[in-house]
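Residue numbers (the numbering used here), protein chains in the order written: chain A, 81 to 429; chain B, 81 to 429; chain C, 81 to 429.
Source of the hints: derived by calculation from the structure; they are not laboratory data.
Just so you know, nobody snuck in bad clues.
No copy is singled out in the list; a pair is fine if it fits within one copy or between any two copies.
In silico DSSO-like pairs for lysine-lysine, Cα to Cα no more than 30 Å straight-line:
| no. | residue 1 | residue 2 |
| --- | --- | --- |
| 1 | LYS420 | LYS403 |
| 2 | LYS345 | LYS109 |
| 3 | LYS342 | LYS128 |
| 4 | LYS380 | LYS249 |
| 5 | LYS128 | LYS275 |
| 6 | LYS109 | LYS249 |
| 7 | LYS275 | LYS213 |
| 8 | LYS276 | LYS342 |
| 9 | LYS342 | LYS312 |
| 10 | LYS276 | LYS345 |
| 11 | LYS342 | LYS366 |
| 12 | LYS125 | LYS366 |
| 13 | LYS95 | LYS148 |
| 14 | LYS109 | LYS276 |
| 15 | LYS345 | LYS249 |
| 16 | LYS269 | LYS342 |
| 17 | LYS177 | LYS189 |
| 18 | LYS410 | LYS393 |
| 19 | LYS345 | LYS393 |
Keep in mind that this is a model prediction, so the values were computed, not measured.
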Amino acid sequence: MELTAKSIAEFLNGKVEGDQEVVVNDVSKIEEGKPGSLTFLANPKYSKYIYTTSASIVIVNDSFVAEKIINSTLIRVEDAYRAFAALLEMYNKNTKKLKGIDPQTHIDKSVVIDESVYVGPFAYIGENARIGKNVQIHPQVFVGDNAEVGDNTILFPGVKVFNNCIVGKDCIIHGGTIIGSDGFGFAPKNQKDYKKVPQIGNVVIEDNVEIGSNSSIDRATMGSTIIRTGVKMDNLVQIAHNVEIGEHTVMASQVGIAGSTKIGKNCMIGGQVGIVNHLTIADEVKIAAQSGVGSSIYEKGAIIQGSPAFNIKEYQKSLVIFKNLPRIQKEIHETSRLVKDFQVLKEDI
Amino acid sequence: MELTAKSIAEFLNGKVEGDQEVVVNDVSKIEEGKPGSLTFLANPKYSKYIYTTSASIVIVNDSFVAEKIINSTLIRVEDAYRAFAALLEMYNKNTKKLKGIDPQTHIDKSVVIDESVYVGPFAYIGENARIGKNVQIHPQVFVGDNAEVGDNTILFPGVKVFNNCIVGKDCIIHGGTIIGSDGFGFAPKNQKDYKKVPQIGNVVIEDNVEIGSNSSIDRATMGSTIIRTGVKMDNLVQIAHNVEIGEHTVMASQVGIAGSTKIGKNCMIGGQVGIVNHLTIADEVKIAAQSGVGSSIYEKGAIIQGSPAFNIKEYQKSLVIFKNLPRIQKEIHETSRLVKDFQVLKEDI
Amino acid sequence: MELTAKSIAEFLNGKVEGDQEVVVNDVSKIEEGKPGSLTFLANPKYSKYIYTTSASIVIVNDSFVAEKIINSTLIRVEDAYRAFAALLEMYNKNTKKLKGIDPQTHIDKSVVIDESVYVGPFAYIGENARIGKNVQIHPQVFVGDNAEVGDNTILFPGVKVFNNCIVGKDCIIHGGTIIGSDGFGFAPKNQKDYKKVPQIGNVVIEDNVEIGSNSSIDRATMGSTIIRTGVKMDNLVQIAHNVEIGEHTVMASQVGIAGSTKIGKNCMIGGQVGIVNHLTIADEVKIAAQSGVGSSIYEKGAIIQGSPAFNIKEYQKSLVIFKNLPRIQKEIHETSRLVKDFQVLKEDI
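If we strip away everything but chain A, and leave its shape as in the complex, we get (with noise of 0.2 Å):
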């Protein structure tokens, strides 16, 4: 693939701003950018990068503003992050094309697989599942009993999908994760022992979500564990049985959600963050990496740090208190022990 910065530009509905003809056949990073490589700068930290670069042509924000002069090529557009992306799907969309039904899988005779699906080797799909068309089972891939997987979406090598649960149109679901294991419900059955909650509920995820590699989403009890339409969620996350994600919640890695809990829609989680269970968390709130949310959060857009977690101007400001602990101890000392000194002074008058 050969593009010119003018054919790019009109692609990106961008403007150029040097040699509109320089050719590139490569993307890089603009930190490591090579002559022939496209590239692109987004996040300000990287500024700094764009008047060393060796890349070809840069893909700039329109409100970029240049310091020093800068060698390459520049494509201006209103979002070079979203405009890159663009041109990467562009890029992608050379791979090849996965097809067909491997002769070494397991699929259950009452199942139905439109000749536009991919099933992998050692792949297994049990019995009445239901599978859209354009569907991608990858090798090594368990598909329960009365289990439905939407048009386009992809499992990758290694995801199960348990009887009974849902995953809709134009999913991916990264390798290993396991959708629809029994929730954690045990009941006391004595003083000092358990007894197993049967846990008769499925998963639902709706469509376009995108879940990452070895994250665990656990059936609920009864009823549906449910991921809204758009989740983005990142590896190893857990969502207990019972949850329920609201449209397009975001949630970076290794975070976890306990039973029954309630997230809204629009919600940024940092990674490693926990929250209770039966909580209701509103839509739009952010919550920062490694914090533990305790209560539920009732106000739209709130944004919340620490374990645990609380309004994160107040966190930050009690933080910084924290880290001067020592300082104020000795002020606090040295305050007592003067009046201590006035007492005495006191009982003098």
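The hints should help you fit chains B and C onto chain A, whose structure is shown.
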């Protein structure tokens, strides 16, 4: 399955309040209850829903006192959650019985498999592995050489039980969990490099243990990593080499226990807790979610929180003050200022 | 295997104290040592057991000074842990050699496999994958198109190495670990939705790397996510896209490193640590367990703790005061009260 309130009450040894003949054919959550469904009320947080639910029957605790009119028929029992669990279990027994050995498996010729056992497609069973009666080895499971799986145990899809490891009777291991990977043991080889310490021990899981999905339990360097009878572990839990978990201890998801630590009986460990290596935790200790345990806990029944964790009441007192630090700092500065004024005064005197 | 104290001492270049001819045929932990077994003492926490162990031989550090009578024969060496590891390795070499290609595999016809290689049942090797000599590809492993696995590397059951990823020589990847799933990259598509940024880079793992079970290492958006020579990572670790981990860095379980962060050489990272994206961590930095790193660490050899993490000594000073906050608050209030009394006094004067 259609059941009357009367027949359910007989099964549960409970008492009906309302229409003895009302019929249910489904279960539901109390807040989503529909006519014809059965639900329960155990957690007081959900009490408000009992006055509005459309569920035909609600199982409640004997101790429940209604504050308004309830439309549903009630069944009073000693413990509503346990009773409901017992019903679910009955309901659950309709699920199809898995049996037989799929032809697309690898089972070493040295292995004897009872006719009550299920071995699903693409499962692997190594040399001299011992498989008990009624065991379910689901698709894509790995059971290594000389490993042992006790009667009635279920290994869900993708579970790996490595060489020489032992899983007891009546255990459930959920999808993707790894039992017996090498412990993390390295000896510094020179100032900059490490040499692997071979891990020649195993993992021993006793009876009635349930382990969630995508968890990792490492084999011992020598001897055994031991999970005692009745332990319940959630998803994505890390158990390092030579750890021992006492009977009936319960562990929420994403907990990590470092090497050689011994946890007592009947402990309750919250989500995302970390415990460092070579510690001893007494029986019945409770550890709040996200805590970090850096030293042994010898007091039976201690309740701790924080990172590092200490007595939960003291922790929470400190925490309240942490939140108020900005206000307290102000008080200190004002007091100091006043005291300095006095010093001037004192010098005047 | 029967060995005398004398022959072991010769192998380890150590010095016998006690019966040169005593024979061992097993290894044990010092606190569980039985007659006929060999053990070692390295961690001073275990010193007390040397006076009561029934192990026939104990390997100890040259520097060990006995405080009571010891019944076992001692072998003194420079480093008892390393010496014991060397013995275990010898002991371990009795394990059976895996070889040959199982017929129930999927190996693309373009792939050349040396006769020294093991490929277990239900393993998948894609188009143009390159497999080195003496490689062990265990059951249910996935190696994608154009992926590369270096000489002597072991991929344990269930490991997935995705398309175009490279694993070096002498590496060990434990069960269920995913190498090369997509990085977590999304561009806001409109105010409420996200568009996937294709991840067209790969993962490069250099030589002598060991990665624990159920870990996730994402491919780069472009370029490579890089794990340098000699890195050791424990279970359930998350490495995001475009991260680079320096040579011989060691990472305990459940660590999470966010996108594009560069970790130096010979760092030690404790369990459950989180490090945010786009940071630089200097060589030889040590990070205490559960810490959260929110800004770059440029000081070589820095030791940090806390969430957010700072200098460990300062952190621990603050922490001691945190625990004492209730007492300190009292002191402040008393001092303030006294000062107010003085104010009254001052006004009187």
